[in-house]
Structures are given as structure tokens and as C-alpha cells.
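K.L.:
Sequences are here, hints too, so could you generate the full structure?
Heads up: the protein sequence lines correspond to chains B and Y, in order.
Here the first sequence is numbered in my numbering, starting from 1 and rising by one per residue.
Here the second sequence is numbered in my numbering, starting from 1 and rising by one per residue.
These are computed hints drawn from the structure, not numbers from a lab.
Please note that the accuracy of each hint is not assured.
To be verified - Okay, the calculated beta carbon distance ranges per label pair: (1) Y:I313 with B:G149: 43 to 49 Å; (2) Y:R285 with B:S132: 37 to 43 Å; (3) Y:I251 with B:G149: 37 to 43 Å; (4) Y:G312 with B:S52: 38 to 44 Å; (5) B:P178 with Y:I118: 40 to 46 Å; (6) Y:R285 with B:A144: 52 to 58 Å; (7) B:G148 with Y:I253: 51 to 57 Å; (8) B:G149 with Y:H321: 30 to 36 Å.
Claimed, not checked - Below are the BS3-like pairs computed for lysine-lysine, each with C-alpha atoms no more than 30 Å apart in a straight line: (9) B:K22 with B:K136; (10) Y:K167 with B:K99; (11) B:K99 with B:K125; (12) B:K49 with B:K105; (13) B:K136 with Y:K324; (14) B:K165 with B:K49; (15) B:K125 with Y:K341; (16) B:K105 with Y:K341; (17) B:K136 with Y:K341; (18) B:K60 with B:K124; (19) Y:K341 with B:K140.
Unchecked claim - Per the computed footprint, the stretches of chain B lying under chain Y, defined by three or more beta-carbons under 8 Å from a beta-carbon of chain Y, are: (20) 5–12; (21) 86–92.
Where is the CB? At the ideal position from N, CA and C, for every residue including glycine.
The primary structure of each chain is shown beneath.
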Amino acid sequence: MVDVVKSFEGLRAVDKVSLTVKGGSLTGLIGPNGSGKSTLFNVVSGIQKADSGEIYFLGKRIDGLPSYRVFGRGLVKSFQDPRLFLGMTVLDNVMIPTKNQLGEKPYNAPIRSVWIDQEIDLAKKAGQMLNSLAMKNLFKQSAAEISGGQMKLLEIGRTLMGQPKMLLLDEPTAGVAPIKAREIFEQMLRMREESSITFFIIEHRLEVLFEYVNYVYVMHRGKILAEGTPNEILESATVAELYLGS
Amino acid sequence: MVNIISLVITFTSFFGIYAILSISLNLEYGYGGQPNFGKVAFFAIGAFVAGVMASRVLPLISGMSVTDPLGPQGVEIRIAISSTRPIETTVTFIMTLVLAMIVGGFSGYIFSYPALRIREEWFLAMVLLVSGEIVRIIVRSYPPIVGGYQGLAGISNPFRWVGDATKASLMYAGLILTVALSVYVLADRLVNSPFGRLLKSVRDDPIASMSLGKNVQLVRAQVLTLGSALAALAGALYAHHIGFITPDDFIPIRTFDIWVMMVLGGMANNRGAVVGAAVMTAIDRATAMMAVELGTYSTFIEFNYVRYVFVGILMITILMHRQKGLLPERPVRTPAYEVMKG
Numbered sequence: 001m002v003d004v005v006k007s008f009e010g011l012r013a014v015d016k017v018s019l020t021v022k023g024g025s026l027t028g029l030i031g032p033n034g035s036g037k038s039t040l041f042n043v044v045s046g047i048q049k050a051d052s053g054e055i056y057f058l059g060k061r062i063d064g065l066p067s068y069r070v071f072g073r074g075l076v077k078s079f080q081d082p083r084l085f086l087g088m089t090v091l092d093n094v095m096i097p098t099k100n101q102l103g104e105k106p107y108n109a110p111i112r113s114v115w116i117d118q119e120i121d122l123a124k125k126a127g128q129m130l131n132s133l134a135m136k137n138l139f140k141q142s143a144a145e146i147s148g149g150q151m152k153l154l155e156i157g158r159t160l161m162g163q164p165k166m167l168l169l170d171e172p173t174a175g176v177a178p179i180k181a182r183e184i185f186e187q188m189l190r191m192r193e194e195s196s197i198t199f200f201i202i203e204h205r206l207e208v209l210f211e212y213v214n215y216v217y218v219m220h221r222g223k224i225l226a227e228g229t230p231n232e233i234l235e236s237a238t239v240a241e242l243y244l245g246s
Numbered sequence: 001m002v003n004i005i006s007l008v009i010t011f012t013s014f015f016g017i018y019a020i021l022s023i024s025l026n027l028e029y030g031y032g033g034q035p036n037f038g039k040v041a042f043f044a045i046g047a048f049v050a051g052v053m054a055s056r057v058l059p060l061i062s063g064m065s066v067t068d069p070l071g072p073q074g075v076e077i078r079i080a081i082s083s084t085r086p087i088e089t090t091v092t093f094i095m096t097l098v099l100a101m102i103v104g105g106f107s108g109y110i111f112s113y114p115a116l117r118i119r120e121e122w123f124l125a126m127v128l129l130v131s132g133e134i135v136r137i138i139v140r141s142y143p144p145i146v147g148g149y150q151g152l153a154g155i156s157n158p159f160r161w162v163g164d165a166t167k168a169s170l171m172y173a174g175l176i177l178t179v180a181l182s183v184y185v186l187a188d189r190l191v192n193s194p195f196g197r198l199l200k201s202v203r204d205d206p207i208a209s210m211s212l213g214k215n216v217q218l219v220r221a222q223v224l225t226l227g228s229a230l231a232a233l234a235g236a237l238y239a240h241h242i243g244f245i246t247p248d249d250f251i252p253i254r255t256f257d258i259w260v261m262m263v264l265g266g267m268a269n270n271r272g273a274v275v276g277a278a279v280m281t282a283i284d285r286a287t288a289m290m291a292v293e294l295g296t297y298s299t300f301i302e303f304n305y306v307r308y309v310f311v312g313i314l315m316i317t318i319l320m321h322r323q324k325g326l327l328p329e330r331p332v333r334t335p336a337y338e339v340m341k342g
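P.N.:
Encoded structure:
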């Protein structure tokens, strides 16, 4: 992205941010609360429109596209606070993101024979996903009735069902037990190996994040303050002084 | 003395029409989360289409010329055609139902278009409420459509040609019920499919749905078009049942009635929508009958208005003690659940 700006009532939440996320990498984005990280993710994923600047994904410009079209290009975002469909079951939540579902067309929906085979294949994939999240036995349960940690896992699992090329994860381990946090990152590493998914991750648990990511951007007051490998960031005096406070 | 056959005919006909309305609102709001506060407009559009078709197209395809389609001559001619020409009457009636759905669906899309781009659903509700009143006021003030405030008479029962009035009414009540059943089956198939899942995702969290690749604006337009087409179908059936339409039949309180049916029966449950329609029809018919019966004894109670008291009490009771309605929401049923069990 190049010189991306996003303001709210005069306050520049994202101020001329330029950065590149390398394909197939695990890249971290850190910074104090209110530094503009989540706004940046919202702008990249099309949930909010950038005031100015250019955003490219796999060589094509995506700024200005609505979020469903950004998703269609393979760039998928998970939310900081899980935004599950609470009136639906765990299984239905996982089945929603798959692209090109024939039965989603209102003219196909009443004719089961058109979409039933695709639905069965999709259910099998959803079952595998829920199994990997240790939530298969909860498939019939309402998404409103599962624990906070399970909601977080379901949110991540749901984004993966969209077969993303790049995942924007906003605090994927918030509210999750420390051991689970490492499991989530291990899972990301596996997915990167298997499917070459690129991960761009906002995370406050720096001890976990720095263990796994290749590169880190530090954001402060809407700007990129520093960037580098985890070691370079840890050794950066500017970051230590302005962000880490020591 | 109450005539049982006439009671059955009236109850069945109104129940069928109300069930279609309730199911259509349930699709829009119960499943899709789109608050249509202008529901009556689409019901009215269906009735107006029926009026235009009966007064202009029926004489035209019967090869009869009418100089005054909205006046007494027009009424006489269309009643004469309906009584003697089954083919022309049936063809016009089928065309009426199809055209009502097309015009209703198109209007649903056009009226909601300005509001669909706004993320706040209640803005859509206000736009549709106002649109409904605009439609009614225009038709009321412009007589060439269906006679303005004086309305239009002689929209015959499509089975009038059988001769016996009771038999014709029974046949039409049966037809209305069959159409309502078909709408129920269609709605049930729609919601128990990936489309139903999509509707619920838009209802529960449109931003999350959009970020997961769903074109929320398109889905909202689709469900409002579909719901409006079904409401217009109900309106056309209603016009042929009552035989007379006036724009004053389609005041905003009718929208409230449809909401009561849906909330009472249970949102996002088609069976609930049908149960709600049955309860409302029972209240409607019982109070209408009492109004006639008690009217003969010159009581000081006007039962036509007692209906509103009943409905109000019922609504408050439901909202206090059974917020999910008589039949609560059910999950989307697709073969995916069988796969997971196996």
C-alpha cells in the first residue's frame, strides 16, 4: 500500500501509511491501543474506504472495492471481537464464507437437486474444519451459546473456509488461553506450508508473535514508526522508548 | 344466525391472504432482517393491478368496448363477462396474478433502492413507510387508475361463471388456500437452503456477512423484491375476493396487522407466520361478526374497534411473555446436518 490515509472527523487514524507484506510470510503489526492498526485492516479489507492512497493485492488495485469484492480476490479479514452470526448454528457460521454456492441464488434455492451435491461436499469440509478446531461436537449449537475462546477460534476457522490467499487477523489470540495462543500460531505455520497463505497479524502478545513472524511493522499515532525482523524491533531504541516503554 | 358455509368461506379466504402476507414479511424481516414498514403498499399494488386488469384488460380480451370502465357501465360489462365467459375470465385472472407479482416485485426493488445503500436498516423502514403512503395518496387522488377515493367495484370472483354464488366462493376460497400453501412450500424451500443461511447472515451482521464475500446490498434487494411480489399476489387475490377496492383499504395500520401476525407466530419460522395469520384471521372475523350481530341490538360498543383492543392486548402479552412468538426460530435445515451426524 502507498500513502494510505483514513481520517475520522479531522483525526488521522491512518496517516500516509506505506508498507508491503511479502507473499507467503507471517507479518506482524503491533502498536499501542488507538494507534490505527484495526482501522488500517478495515481500510485494506474494504470495510472502510481510504480517504486517499493506493492499495494493491497481487498486483491489482483494491482500494475503493467493497469488502465482498476484496474477499473475492482472496484477501480475508477476521475481526478483533468475533462477529459471529449469533442467530445461527456453529455449522452454519462455518459454511457461510465458501464462494460460489449455487444454493445462495434465490432462483436455485427451491430446487434442491441443483445445490445438494455441493452442499454435501461443503459440509464435509466444514466438518474437517470444526474437527481441527476441536469443535465438531458443537456443530448443532447456536453460535451465541459457545464460550468466548471458542467464538474466537470459530471466527478464525470461518475465515479459512473462504480459501483466502491472505488473511488479516486482528488479535487472533485475544481472550484465548496462552497455550491455545501458541497452538493458533502453530496452525498458521502449518497452513502457510500447506496452502501458501500469507498472514498479516495484529497482536498484543508480543512474546508469542515474535516467536513466529518473519517481519514486524510498528504503528504509532497512525504512522509506521518502525519495521524489521522481530530481533531488529526488539533492539530498536525508538520502539523501546516510544512503544514498549523501557 | 351465522351461516356456517359463509363463515368457512370468509375465514379460509382471509386466512390464505393473511398467510401469504405474513410469510412474505417473515422472509423479509424474520429471515432477512429488512424491516418493511410499507408492506401495505405492495398489497395495495396487487389489488390495484387486479382493478386495472378487470376494468380494462378483461373487456378488451373479450372483444367488448367500454366507454366508462370505472363507472356503472364498466361494472355491468365485467360482471356479465365473468358470469358467462370462463376462458376470458380465467386467462385474465392468471395474467392478473402474474402481473401483480411482477409489478409488486419491481416496485419493491425501486422503492427500497435509495435506502439499500445505507447500512442502517431502520432508514429503509422509514423510506418504505412513506412510499406506501405516497402510492395510496396518488391512487386516491388520481381517479383514472381505479376510480380514486370512490374506488372500483365489480372485480369478480374468477369462478363466477359456475353460476351458483356459494359454489363459486367455495371454489375461490379453495384456490386462495392452494396458492397460500404453494407460497408456504416455496418459502420453506427458500429458507432451508444456502439462500436461507445467507439471509440470516445478512440479518445477524451485515458487515461481517459482507466481509465474508456476500453482496449484502444485492441480497437485501432480492428479498425485498421477492417479499413485495408475494404481497402483491395477496393483494390481487384480496381484490377478487372482496370485489371492490378503494385506496382507503390500504392505510398504514394494515402494515401493523401483518407485523402482528409475524411477531405473534414467531419470527424466522414459516409455520409461525401461518399460525400468526390464523390467530389474526380468527380475531378479525370474530370481531367483524360480533359487530354485525351486536349492531342489531344497538349496543353502545362498536366491535369493529374492539378488534384493535384485542390485537393490542395480544401484542403486549406476547412481547412480555413470549418474545420469540408462539413458534420460535428454527435453524436452517439443509443436508449438511445429516453429513455431520454421519
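K.L.:
Does the structure break any of the earlier hints, and which numbers would those be?
P.N.:
2, 3, 4, 6, 7, 9, 10, 18, 20
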